[in-house]
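Sequence lines, in order, name chains A and B. Residue numbers for the first sequence follow the working numbering, beginning at 1 and rising by one. Residue numbers for the second sequence follow the working numbering, beginning at 1 and rising by one.
No lab work stands behind these hints, which were simulated from the structure alone. Please note: incorrect hints may appear among the correct ones.
[Claimed, not checked] Pulled a few chain A residues facing chain B out of the computed Cβ check, cut under 8 Å:
| # | residue |
| --- | --- |
| 1 | R178 |
| 2 | E181 |
| 3 | D184 |
| 4 | L191 |
| 5 | L193 |
| 6 | W194 |
For clarity, every value in this text was computed on a predicted model and none was experimentally measured. Glycine residues also receive a C-beta, built at the ideal position from the N, C-alpha and C atoms.
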Amino acid sequence: MLESIEEVEKQFAAQGYITDRTLATTIYLSLALGKPIFLEGEPGVGKTEVAKVMATILETELIRLQCYEGIDAGTALYEWNYPRQMLELRLEEARGTDKEEIGRNIFREEFLLKRPLLAAIQAEEKYRPVLLIDEVDRSDEEFEAFLLEVLSDFQITIPEIGTVRAKQVPFVVLTSNRTRELHDALKRRCLYLWIDYPTYDKEMDIVRSRVSGIGDELTRQICGFMQLLRNRDFYKKPGVAETIDWALALMAMKMDELDPQIVDATLGCVLKYKEDIEKIQEDGVPQLIEKAKLLRERTNAR
Amino acid sequence: MPKTMLGRVVRFSRLLHREGVEVNPGNLIDLCKSFEHIDLQQRVDFYAASRATLVSRFDDLETFDRVFNSFWSTPLISEDMTLTDTDVGGNSDLDVQADVSEVVDSADMQEDVDGDGESEEVGYSADEALMAKDLAAMSDREIEQARKVIHEIVNIIANRRSRRRVPENRGRELDFRRTWRRNALLGEDGVELSMKRRRIKKTKLMLLCDVSGSMDCYSKFLIRFIYALKREIRDVEVGVFSTRMTAISRLLKTKGIEESLHEVAEKVHDWAGGTDIGGCLREFNDKFARDMLHSRSVMIIVSDGWDRGDPVIMGREMARLRKRVHKLLWLNPLLGTPGYQPLCLGMKTALPYLDYFLPAHNVASLIELAKTLRSVWK
Numbered sequence: 001m002l003e004s005i006e007e008v009e010k011q012f013a014a015q016g017y018i019t020d021r022t023l024a025t026t027i028y029l030s031l032a033l034g035k036p037i038f039l040e041g042e043p044g045v046g047k048t049e050v051a052k053v054m055a056t057i058l059e060t061e062l063i064r065l066q067c068y069e070g071i072d073a074g075t076a077l078y079e080w081n082y083p084r085q086m087l088e089l090r091l092e093e094a095r096g097t098d099k100e101e102i103g104r105n106i107f108r109e110e111f112l113l114k115r116p117l118l119a120a121i122q123a124e125e126k127y128r129p130v131l132l133i134d135e136v137d138r139s140d141e142e143f144e145a146f147l148l149e150v151l152s153d154f155q156i157t158i159p160e161i162g163t164v165r166a167k168q169v170p171f172v173v174l175t176s177n178r179t180r181e182l183h184d185a186l187k188r189r190c191l192y193l194w195i196d197y198p199t200y201d202k203e204m205d206i207v208r209s210r211v212s213g214i215g216d217e218l219t220r221q222i223c224g225f226m227q228l229l230r231n232r233d234f235y236k237k238p239g240v241a242e243t244i245d246w247a248l249a250l251m252a253m254k255m256d257e258l259d260p261q262i263v264d265a266t267l268g269c270v271l272k273y274k275e276d277i278e279k280i281q282e283d284g285v286p287q288l289i290e291k292a293k294l295l296r297e298r299t300n301a302r
Numbered sequence: 001m002p003k004t005m006l007g008r009v010v011r012f013s014r015l016l017h018r019e020g021v022e023v024n025p026g027n028l029i030d031l032c033k034s035f036e037h038i039d040l041q042q043r044v045d046f047y048a049a050s051r052a053t054l055v056s057r058f059d060d061l062e063t064f065d066r067v068f069n070s071f072w073s074t075p076l077i078s079e080d081m082t083l084t085d086t087d088v089g090g091n092s093d094l095d096v097q098a099d100v101s102e103v104v105d106s107a108d109m110q111e112d113v114d115g116d117g118e119s120e121e122v123g124y125s126a127d128e129a130l131m132a133k134d135l136a137a138m139s140d141r142e143i144e145q146a147r148k149v150i151h152e153i154v155n156i157i158a159n160r161r162s163r164r165r166v167p168e169n170r171g172r173e174l175d176f177r178r179t180w181r182r183n184a185l186l187g188e189d190g191v192e193l194s195m196k197r198r199r200i201k202k203t204k205l206m207l208l209c210d211v212s213g214s215m216d217c218y219s220k221f222l223i224r225f226i227y228a229l230k231r232e233i234r235d236v237e238v239g240v241f242s243t244r245m246t247a248i249s250r251l252l253k254t255k256g257i258e259e260s261l262h263e264v265a266e267k268v269h270d271w272a273g274g275t276d277i278g279g280c281l282r283e284f285n286d287k288f289a290r291d292m293l294h295s296r297s298v299m300i301i302v303s304d305g306w307d308r309g310d311p312v313i314m315g316r317e318m319a320r321l322r323k324r325v326h327k328l329l330w331l332n333p334l335l336g337t338p339g340y341q342p343l344c345l346g347m348k349t350a351l352p353y354l355d356y357f358l359p360a361h362n363v364a365s366l367i368e369l370a371k372t373l374r375s376v377w378k
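In isolation and in its complexed conformation, chain B is listed as follows:
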């Protein structure tokens, strides 16, 4: 392989990396190996080979196509190569001739944003102080108490029996494999039986939080606590919505809650404008549900139910959602207010589809929540 080609491939992979497509050296080596088998003059083949080796997730395909089309808009090896092939990507609406420099620029900008973000993360932001307004003046002890309660709630809803068997002395099924192994060592004096039983599997938890205006600090509080339980439940996905729906699980992995929300807020305009619950649920159902939910997922929606969208859409999307998940919970901080009735249209629409409609505005209500769940959850 010519050196210049290697250089270009490496630069291409770096560009992909910047744009968020994870490329590891092993895949790059695979790509280089594949050059022995394909005709580099054939742009389509080169495209197929690099896509097959460098990409490993559906979400990255679009980015890949974009970067590919702009980076390789000049001939690979010789000038006489045909570039008119429209088959690339099978996607004619892609901007094939996008300027390379533009991609690079945007990548650079991305980096800058990242850099700034890191410096911001150091101190607590002003939002932290806001939280105090709603969740009263919680003392450290109360926070610890709340943590325990949420921990318990999560445990109640997250444990279920898996189909996978694990060895257990008091299990119900005979584990032939282990019995055999053990007794091969013991010889003929008596047989010791090994038992197994179905393992407890942690259910997937999906937290969908309203972060518009009044709900903002309340949601942050819950996200923070639920996320602190990462050790107990490995599968937690978090999404936030106001006028748009955004999944922040991937952001939360590398960044703090404050910074993640900050980044989301920058992307989504009209952050403080009213909530469109129906529209957001629709977006969730269309784009995220199949990845993030399975039939045993427990979904918790945190919102006050003030909806400025179309109630018909909201009803339909709630019905769709209900079909996809095992349990659907709605936490509404207003429910803690004495005399509160779920009169607003959004809440009324949602009610028929909920398994549980619960308050959770302070530690006491959280304890109530845990009690309710314990009594109804098997």
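With the rest of the complex left out, here is chain A:
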């Protein structure tokens, strides 16, 4: 499975994820070299989706670790199940079990709560799991340092049990919205890829593959409209996720063409800030739709 770059492109396309050659090559190399992928890009360009699709293709589990400020070993690696340990302790004391025996008993694996990183490393040999470490930029430096350790050796040491080594290196995807620059040491261990907003043609392919039954005319107009929006200076530019949401919304309303009124009513799918919506309304939605149609015709002529 996934023996060549073309194969990666094909399999991803089969799952409805349109890659470009650069992305496919990076994914392929990540598999071949056993190195994590570090994906950066604006929100909504499909970073997280790479891991999800990968898990589907490899027919394996997707283990997800959502990062946040203050995330620590207890939530990322493992934690002992203290309440259960205490209960066990009381029970065994009541039974009169030998003290040392109790000590051994309560630090068994069944009292261990496996958090994502440990789960990924302990996965069975048959399945090479996909580990998604989402929005790393939200975590803090301490966590980065600690991630560095796990990602370079793929092993975790639990004092009571010993060192757990990965039976096989998981396919690791790290994503970042680049709200802050991550430490170079971490990035150096990964293959780096910046995912940009898609081009007009690529976005058309994406919409066609994700929104079943959508008409060509509507697809063209939506994608043209999105290209125009992204040229504008918004607080938050819409990503591909927004395009798909919007296309689905317009489909649900049984539209086959953009219509100023409906666009106005569904702008919330695309722009998420009040100021941005006001800005586009100042520009005039009807004019934008006209421009989007023109853009399409120009592309057609080419």
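Fit chain B to the supplied structure of chain A, relying on the hints for placement.
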């Protein structure tokens, strides 16, 4: 892998290094390993592989593409390789056929500039003397005093509780992990509880200094002091602006303030021409804000507010900025002048968006500043 190819790859990485893209040997080895898996005849694949392994930051992508396109403009292995692939970089406006020698030349020149700069750094520059004009004749004791005051100010604004817990005896939450470990050793006689509490986290500090004409020496003074506090607040970013906005944090890491500003001045023409605060803020918001600010950042703008740009733009950019940061401070040395009123248009525009508008022209005003902050900052 053929030897000639290895040689070329190494030369390529050196060139990247010269152009400011940090390439370490580990990444280079990764690239060489990847050759076993890709078809080197495919220029696009070779491009993707080298970009994924050698680059690790967004800012370097442009440089990488440029160097790649000029260095590898000749066939990799054989003559019959197609070079017409426009997909490389997805960036058709790049000058694909840029001359290799040109890149090398510019790299050499860069080095020369660096060399000169180092020799200049040795002595204090003439600007140092200028500072005396504004900040009066500060004695060593006063400078030390000022340092302490700024230290205190920074402490006041920079400490906040993080979400991360650290062990602390008088903490409020029970630390199960540690309690368990400790008592496993103690045995059954009594239980000692370990507590934890939220750690204090240093806020990020962003200093944006006006370095046009009259503000120049004043800004240098502040940058120097704030930078001396690097130990207390690890996250300090410094930007300077006049007609253009430049981030100098990276420069300051390797060079002194004088040299950093010197380098900036060389790049930016019209250094002494009036200040375009609105335009500079816009540039900051567009290009730098997302990297340098987060919602808990404290931003300090140092400027006299004399603006020759468009006040409408300035107002809009101030509003954008206000949304991005936790606190927005404006230090204006003129505010120390008796009878000063913020009448100039720039200052008037900025006022509604500021949390604090403060003087800071001498040690006494700095002490005042510290007092104000202490009283209002929780």
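- Indices of hints not satisfied (ascending): none
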